[in-house]
Structures are given as structure tokens and as C-alpha cells.
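**Q** Per UniProt numbering, the sequence shown runs over residues 1 to 137.
Hints listed in this document are in silico derivations from the structure and should not be mistaken for laboratory results.
Yeah, the Cβ is synthetic: ideal placement off N, Cα and C, and Gly gets one too.
Incorrect hints may have been included.
Quick list of in silico lysine-lysine cross-link-like pairs, BS3-like style, CA-CA up to 27 Å [what the hints assert, rightly or not]:
1) K85 / K136
2) K23 / K57
3) K6 / K85
4) K25 / K57
5) K55 / K85
6) K6 / K32
7) K60 / K85
8) K23 / K53
9) K25 / K6
10) K6 / K53
11) K53 / K25
12) K60 / K23
13) K57 / K6
14) K6 / K23
15) K60 / K32
16) K60 / K25
17) K32 / K57
18) K6 / K60
19) K55 / K23
20) K53 / K32
21) K57 / K85
22) K85 / K25
Restraint-style ranges between C-beta atoms, simulated for each label pair [unchecked claim]:
23) H34 / Q88: 16 to 26 Å
24) H34 / L135: 44 to 54 Å
25) L130 / S44: 37 to 47 Å
26) Q131 / T49: 44 to 54 Å
27) T7 / L135: 40 to 50 Å
28) G16 / C127: 21 to 31 Å
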Amino acid sequence: MVERPKTYEILLLTHGGWGMTLKEKLTMIIGKIHGVSEVALEPSDTTETFLQKVKEKVTKMPADSLILTDIAGGTTSNIALTFSKDYQINILSGLNSMMLMEAIMRQNQPFTTESVAQIREAALLSCQHLQLPDLKN
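Please model the entire structure based on the sequences and the hints provided.
**A** Next comes the structure, spelled out in C-alpha cells:
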């Protein structure tokens, strides 16, 4: 049996569970994905119930894992931040497909301040205003 190399976990904190949908659709591009899970904030959740769900996951994550949230300043990000003082995790907000793909490609190494900055940069560079060239000239 071939042993898989150690991977660091990625936890998605999103409103309504769209993070797992994103993960599932990315398998079409990058294949099978391991070590990515989600805690979805549902309309029925209170801040306290969501906090408890996230705590159950974060306490089991290895140090230097990564939390990706959907909206900076939103409940998902604020809850993630509450764990950053007691657990050695990195947090990045603004989840998009390139951010998640870049994070997945880096899972075999600890997530550091530097690698998270590189993931952020890749996500920002993926946002492009696409236009056809003006062929009139």
C-alpha cells in the first residue's frame, strides 16, 4: 500500500454551503481533492451554534492548516478569527476557485504567512476584466 504524503487541512467557512459545491466542481479541473472540509453557516444557526460547529473542526486540525472564508468582516470570518488566538491556523477571506485551487496545490507544506500571501496573490490575479481586442484599427 502506498502511503499518501501528509497534507495540511483546509477548512471552508461559507454562508449556505457553497464552499463544498465549489470543491466538488473543482474536481472537474484538478481531480480528487483530499483534506478539504466545510462548516456551512445556515440561516437557522445562531452565532453560538456556528461557533461550536467550527470549534469541533478546528480543534482536530493540525497546526499550520488553513481556513478560507467567503466574506471578510462577515460572521464566517469573525468566527475564524476567534480561533486564531488559541490555535496555530492561518485565515484567508474572499474565497474563489483560484484561491481554493492554489491552496490545495500547497497542502503538502505547512501554511505560513508567506504561502498564504502567495495564495492571496494568485486569487487576486485570477480576477480579470476580459475583453475582445478592438479590431477596427
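**Q** Hint by hint, note whether the structure agrees.
**A** Here is what the structure says about each hint:
The hinted pair formed by K85 and K136 fails the criterion: a straight-line CA distance of about 57 Å is larger than 27 Å. Simply put, K23 and K57 have alpha-carbon atoms about 17 Å apart, close enough for the 27 Å limit, and the pair holds. Between K6 and K85 the alpha-carbon distance is near 25 Å, which keeps this suggested pair within the 27 Å criterion. For the proposed pair K25 and K57, the alpha carbon gap of about 23 Å is at most 27 Å, so the pair holds.
The suggested pairing of K55 with K85 holds, with an alpha-carbon distance near 13 Å, which does not exceed 27 Å. Note on K6 and K32: the hinted pairing holds, with a Cα-Cα distance of about 16 Å set against a maximum of 27 Å. Taken as a hint, the K60 and K85 pair is honoured in the structure, with Cα atoms around 16 Å apart against an allowance of 27 Å. About 20 Å separates the Cα atoms of K23 and K53, which keeps this hinted pair within 27 Å; it holds.
A distance of roughly 24 Å separates the Cα atoms of K25 and K6; the hinted pair therefore holds under the 27 Å criterion. A hinted pair counts as satisfied when its Cα atoms are at most 27 Å apart, and K6 with K53 qualifies at roughly 25 Å. Between K53 and K25 the alpha-carbon distance is near 24 Å, which keeps this suggested pair within the 27 Å criterion. Among the hinted pairs, K60 with K23 is consistent with the structure: their alpha-carbon atoms are about 20 Å apart, no more than 27 Å.
Annotation: proposed proximity of K57 to K6 holds, straight-line Cα distance about 18 Å (limit 27 Å). Restraint check for K6 and K23: the C-alpha separation of about 20 Å stays at or below 27 Å, so the hint holds. For the given pair, K60 sits about 22 Å from K32 by alpha-carbon distance, which is consistent with the 27 Å threshold. Between the alpha carbons of K60 and K25 the distance comes to roughly 26 Å, so the proposed pair stays at or under 27 Å and holds.
Among the hinted pairs, K32 with K57 is consistent with the structure: their alpha-carbon atoms are about 21 Å apart, no more than 27 Å. Restraint check for K6 and K60: the C-alpha separation of about 15 Å stays at or below 27 Å, so the hint holds. For the hint linking K55 to K23, the alpha-carbon distance of about 21 Å falls within 27 Å, and the restraint holds. Distance hint between K53 and K32 is fulfilled; the C-alpha atoms sit about 25 Å from each other, no more than 27 Å.
The hinted pair formed by K57 and K85 meets the criterion: a straight-line CA distance of about 16 Å does not exceed 27 Å. As the CA atoms of K85 and K25 are separated by approximately 33 Å, the hinted pair breaks the 27 Å bound. In this structure the supplied range 16 to 26 Å holds for H34 paired with Q88, their Cβ-Cβ distance being about 21 Å. Separation of H34 from L135 is about 46 Å and conforms to the stated range, judged on CB atoms against 44 to 54 Å.
Separated by about 39 Å at the C-beta atoms, L130 and S44 satisfy the suggested range of 37 to 47 Å. As the Cβ distance of Q131 to T49 is approximately 45 Å, the hint placing it in 44 to 54 Å holds. Remark: the range hint 40 to 50 Å for T7 to L135 is upheld by a beta-carbon distance near 47 Å. Between G16 and C127 the beta carbons are some 22 Å apart, a value that agrees with the proposed interval 21 to 31 Å.
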